[in-house]
Amino acid sequence: MVKQTIQIFARVKPTVRKQQQGIYSIDEDEKLTPSLEIILPRDLADGFVNNKRESYKFKFQKIFDQGANQETIFENIAKPVAESVLAGYNGTILAYGQTGSGKTFTITGGAERYSDRGIIPRTLSYIFEQLQKDSSTIHTTHISYLEIYNECGYDLLDPRHEASSLEDLPKVTILEDPDQNIHLKNLSLHQAATEEEALNLLFLGDTNRMIAETPMNQASTRSHCIFTIHLSSKEPGSVTVRHAKLHLVDLAGSERVAKTGAGGQLLTEAKYINLSLHYLEQVIIALSEKHRAHIPYRNSMMTSVLRDSLGGNCMTTMIATLSLEKRNIDESISTCRFAQRVALIKNEAVLNEEIDPKLMIIRLQKEIQELKDELALVTGEQRTEVLTDAELLQWPIYYCSNTGNGNESRDSGLFYQQRHLSGPSISAAMWHIGGMRSRQSLGWRSREGPQVADDIQDKLGTRQALKPAAVLSSACPVPTENSKEHKHPPLLSPSSRTGCPSRAHGESRKDELTVGNN
Numbered sequence: 001m002v003k004q005t006i007q008i009f010a011r012v013k014p015t016v017r018k019q020q021q022g023i024y025s026i027d028e029d030e031k032l033t034p035s036l037e038i039i040l041p042r043d044l045a046d047g048f049v050n051n052k053r054e055s056y057k058f059k060f061q062k063i064f065d066q067g068a069n070q071e072t073i074f075e076n077i078a079k080p081v082a083e084s085v086l087a088g089y090n091g092t093i094l095a096y097g098q099t100g101s102g103k104t105f106t107i108t109g110g111a112e113r114y115s116d117r118g119i120i121p122r123t124l125s126y127i128f129e130q131l132q133k134d135s136s137t138i139h140t141t142h143i144s145y146l147e148i149y150n151e152c153g154y155d156l157l158d159p160r161h162e163a164s165s166l167e168d169l170p171k172v173t174i175l176e177d178p179d180q181n182i183h184l185k186n187l188s189l190h191q192a193a194t195e196e197e198a199l200n201l202l203f204l205g206d207t208n209r210m211i212a213e214t215p216m217n218q219a220s221t222r223s224h225c226i227f228t229i230h231l232s233s234k235e236p237g238s239v240t241v242r243h244a245k246l247h248l249v250d251l252a253g254s255e256r257v258a259k260t261g262a263g264g265q266l267l268t269e270a271k272y273i274n275l276s277l278h279y280l281e282q283v284i285i286a287l288s289e290k291h292r293a294h295i296p297y298r299n300s301m302m303t304s305v306l307r308d309s310l311g312g313n314c315m316t317t318m319i320a321t322l323s324l325e326k327r328n329i330d331e332s333i334s335t336c337r338f339a340q341r342v343a344l345i346k347n348e349a350v351l352n353e354e355i356d357p358k359l360m361i362i363r364l365q366k367e368i369q370e371l372k373d374e375l376a377l378v379t380g381e382q383r384t385e386v387l388t389d390a391e392l393l394q395w396p397i398y399y400c401s402n403t404g405n406g407n408e409s410r411d412s413g414l415f416y417q418q419r420h421l422s423g424p425s426i427s428a429a430m431w432h433i434g435g436m437r438s439r440q441s442l443g444w445r446s447r448e449g450p451q452v453a454d455d456i457q458d459k460l461g462t463r464q465a466l467k468p469a470a471v472l473s474s475a476c477p478v479p480t481e482n483s484k485e486h487k488h489p490p491l492l493s494p495s496s497r498t499g500c501p502s503r504a505h506g507e508s509r510k511d512e513l514t515v516g517n518n
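In this text, residue positions in the sequence shown follow our numbering: the first is 1, and each later residue adds one.
Take the hints with a grain of salt, since some may be wrong.
Subject to a maximum C-alpha distance of 20 Å in a straight line, what follows is the list of computed SDA-like cross-link-like pairs (lysine to any residue) [claimed, not checked]:
no., residue 1, residue 2
1, K13, Q70
2, K358, L231
3, K62, D29
4, K346, S84
5, K133, Q70
6, K245, Q180
7, K234, D158
8, K346, H291
9, K234, N299
10, K13, R327
11, K271, N299
12, K185, I138
13, K346, L359
14, K171, D158
FYI, nobody ran anything at the bench for these hints, they're computed from the structure. As the structure is a prediction and not an experimental result, all values here were calculated from the model.
Taking the hints into account, I'd like the entire structure generated from these sequences.
Okay, structure coming up:
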């Protein structure tokens with residue numbers, strides 16, 4: 001388990017320098033924690049001195065000024081989260097800020113230059129690059145893309161988007177199981193075997209997003225979007241599977257209607273955007289307060305979907321995007337205050353491992369069969385299942401004859417097959433008598449040699465006193481391929497791994513044997 005607070009970063013949007021002169025300053029050396037100071041311009045029009053604060057200072061994990069490029073943002077913010085997801089932990093990266101502050105550019109990127117790629121395409125490239133290097137593990141990747149528009153969820157990867165109006169599309173609904181796990185109905189999962197397939201899904205979803213022009217932003221996203229990468233990993237031969245998911249969240253920007261002058265549909269969208277952000281802030285405030293009994297996740301669809309990301313099983317990072325112009329100082333201060341509250345939230349990320357049910361069933365069935373064989377050895381239970389040709393060929397088989405007095409029992413057609421079981425050192429014996437193949441396990445061992453010999457003679461219809469050494473060595477000659485004194489087909493020669501002695505050496509077997517008959 002990894003316990004840590006939500007990591008917060010700040011990114012300043014590049015604008016005309018004259019508009020930002022004297023508005024903010026960045027202190028990178030303040031006790032190893034960078035701080036951003038926003039300086040309020042003096043209002044000399046009032047003609048008198050007031051007691052208003054002249055500046056605000058906020059601390060972040062790292063502050064990226066206007067010169068920071070997309071590669072720097074990915075290396076410092078997204079790459080560590082992607083590495084934790086590859087290790088089996090859940091991760092979330094969300095961008096928060098006012099409209100037009102650069103959230104979508106940071107998360108998705110720009111379309112003009114390849115270097116303008118955002119966090120999502122760079123993360124996809126990095127993840128698939130790492131998966132190709134780890135060829136010893138079986139990986140499966142799925143993609144989902146959720147849009148929350150006017151508090152309604154839609155699947156951006158639904159192929160009916162182009163031919164249907166928004167009202168005709170099925171809405172994504174939230175279902176909750178008894179363990180309080182969230183499930184999204186009507187949200188499709190698409191498998192992506194390569195980086196190219198994943199990027200095509202990203203481009204398809206971006207094409208279906210709700211975008212409109214406003215006085216504050218020429219291409220303002222009018223909805224919250226959550227791009228999720230689902231990753232499953234399994235070692236060959238293991239029944240344990242790791243599941244991890246990475247949420248890459250582009251939140252819609254908060255708006256002041258007085259500034260945007262929005263009306264009609266834009267005004268309705270702005271109300272829903274601000275309402276959902278208000279519910280998000282309520283959740284953040286509740287989580288930052290100690291001993292708070294109730295967290296209002298269910299107030300909004302967005303907070304319900306991001307429940308794990310906010311105070312749950314997740315490693316979460318937030319990027320506060322700032323447009324530090326004179327007209328946007330109040331919104332920038334509000335964004336920084338929100339980020340400071342988020343930094344107080346502690347998440348507990350755990351490794352997401354579970355047992356694959358299908359593989360577990362196979363393993364348990366095998367274990368049950370082994371336990372049945374072991375129990376049969378102890379109790380002397382008759383086992384009468386017929387052995388197939390494949391079973392006969394799976395283990396080395398040796399010809400055994402009754403040669404206590406030099407006379408071979410050719411009519412018996414006696415064979416045995418040693419098969420080691422897991423657990424204690426136990427051997428099961430397979431007998432082939434009179435052409436009938438069956439498996440019988442009796443709990444005799446080599447130290448019970450006289451009893452073994454007597455029982456063998458009873459089964460063969462003769463009564464000869466065989467010594468244990470005779471049973472273990474001289475009673476089990478292995479005929480050669482050219483042997484003519486046996487009616488049976490040529491059999492395998494003994495090998496060192498079975499422990500069965502060679503007739504030429506006449507050495508006794510030292511491992512324990514169990515024998516049986518039909």
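How the hints compare with the structure:
1. For the given pair, K13 sits about 12 Å from Q70 by alpha-carbon distance, which is consistent with the 20 Å threshold.
2. Distance hint between K358 and L231 is fulfilled; the C-alpha atoms sit about 19 Å from each other, no more than 20 Å.
3. For a cut-off of 20 Å, the pair hint linking K62 to D29 stands: about 11 Å separates their Cα positions.
4. Distance check on the hinted pair: K346 and S84 sit about 17 Å apart at the alpha-carbon level, within 20 Å; holds.
5. Pair hint K133 plus Q70 does not hold up; C-alpha atoms about 24 Å apart against a cutoff of 20 Å.
6. Proximity of K245 to Q180 is assessed by CA-CA distance (about 17 Å); at most 20 Å being required, the pair is judged to hold.
7. In summary, the hint linking K234 to D158 is not supported, as the alpha carbons are separated by about 29 Å, beyond the 20 Å threshold.
8. Restraint check for K346 and H291: satisfied, since their Cα atoms lie roughly 13 Å apart, inside the 20 Å limit.
9. Under the criterion of a C-alpha separation no larger than 20 Å, the hint pairing K234 with N299 is inconsistent with the structure, at around 37 Å.
10. For the given pair, K13 sits about 14 Å from R327 by alpha-carbon distance, which is consistent with the 20 Å threshold.
11. Restraint check for K271 and N299: satisfied, since their Cα atoms lie roughly 15 Å apart, inside the 20 Å limit.
12. The hinted pair formed by K185 and I138 fails the criterion: a straight-line CA distance of about 28 Å is larger than 20 Å.
13. Simply put, K346 and L359 have alpha-carbon atoms about 36 Å apart, too far for the 20 Å limit, and the pair is violated.
14. A distance of roughly 11 Å separates the Cα atoms of K171 and D158; the hinted pair therefore holds under the 20 Å criterion.
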